[in-house]
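Line order of the protein sequences matches chains A and B. The UniProt record's numbering puts the first sequence at residues 1 to 135. The UniProt record's numbering puts the second sequence at residues 1 to 243.
Label-pair distances were calculated between CB atoms; the ranges are: (1) C154(B) with P67(A): 42 to 50 Å; (2) D7(B) with S122(A): 21 to 29 Å; (3) N132(A) with W166(B): 19 to 27 Å.
Source of the hints: derived by calculation from the structure; they are not laboratory data. Keep in mind it's a predicted model, so treat the numbers as computed, not measured. Think of the CB as a built atom: it goes at the ideal place given N, C-alpha and C, for glycine as much as any other residue.
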Amino acid sequence: MKLLTANFITCSVKSCQSVTPALSFRDAELAREEIDFSPLFLRNILPRIDWPLLQRTAKELGFPALPETKPELSPIAEGDEEGVGSEEEQKLLKELHSLLLETSVQSGKLVCANCGHEYPISQGIANFLLPNHLV
Amino acid sequence: MGLPTPDTSHLDSDESIYPPSEDSYLLLDTLSSASESAYLASHFASPSPAPLVLEIGPGSGIVTSFITTFASEIFGRRDVLTLAADVNPAACSGTAQTVGRNLKDAEKGHGIFLDALWVDLDSCLRGGEVDVLVFNPPYVPTESVPVFDENGNCKGESEGMIEAAWAGGKDGMEVTERVLKGLERCLSKRGVAYVLFCAQNRVQEVIGRLEGGEYGRNWKCDIVGRTGKTAGWEKLCIVRITR
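With the hints as extra help, turn the sequences into a complete structure.
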């Protein structure tokens, strides 16, 4: 499961969904897959990111700390169709690309801090099915 | 538009996965039709955040693969993120394989496939994130719908996973009903759902209920794709549902 996906998911148990998303990775084994870098792509993904959640996920998986707040990028200059931006922005977008799209959790589990349910991850695929008594 | 159909031949021998069928092809034709791609390109015009597409029940992955490979042709932008959610783990890995295989030869301009999630419908998705929901449901009227435990094992005498791909319970609508009830939670403010129906689903009545406010709001419905009529009946159709 890619780290960007982890930003879009929550516990399958309905009563956990009204609280702050609270899934944490445990015993995660990571993999990296190279994907073509597009700064424009990352610029348009950034507004979707739940930054506090991404910060927590990155910390759990042992990545260096992310900036305290979501970075604000300056508007793309005229003629910069690829959204390359300044050198500093380019570096930041590349780091986010690597973290969000190239890094995935191959095995381990996701644990809900609210109800304690554990969702196993195996061969890159997370199992979010619930036992019948929790549905 | 005549975009090529994704290759799913690597899954031909897996009998637990629903093979690409008339319904799958209707979805491909509809999403890539001149009118629908024009609608999507204007609805999700840049600059705006990258659209997130979720397909529930991808089976072979043919539709998710098509959307990922031809993101630019369908959305007029390439920063399209795709996710798939299936109750069948074989369909999850099969979908990932299909997407990967067909992206290998893809032109630049394709989107990014994120993951296949092994889950009941959209139950693990955060609310309000999905911009485009695509659902080719189990729509055949049956006595019952198979139920699975957390390990994907089926209860009772059901044939299991492949049955889950087509058995729709009463009026073939039991599973679709659950998705329609969840639309208000699942879809983003700019969200669009494409749901496939067959004649036995009484689609005009369903549209009446959607527009009449029985599913959380007065949804706007348009029939945007259909197969030819058989004895006066639309066999299959696709309804576009928006806020």
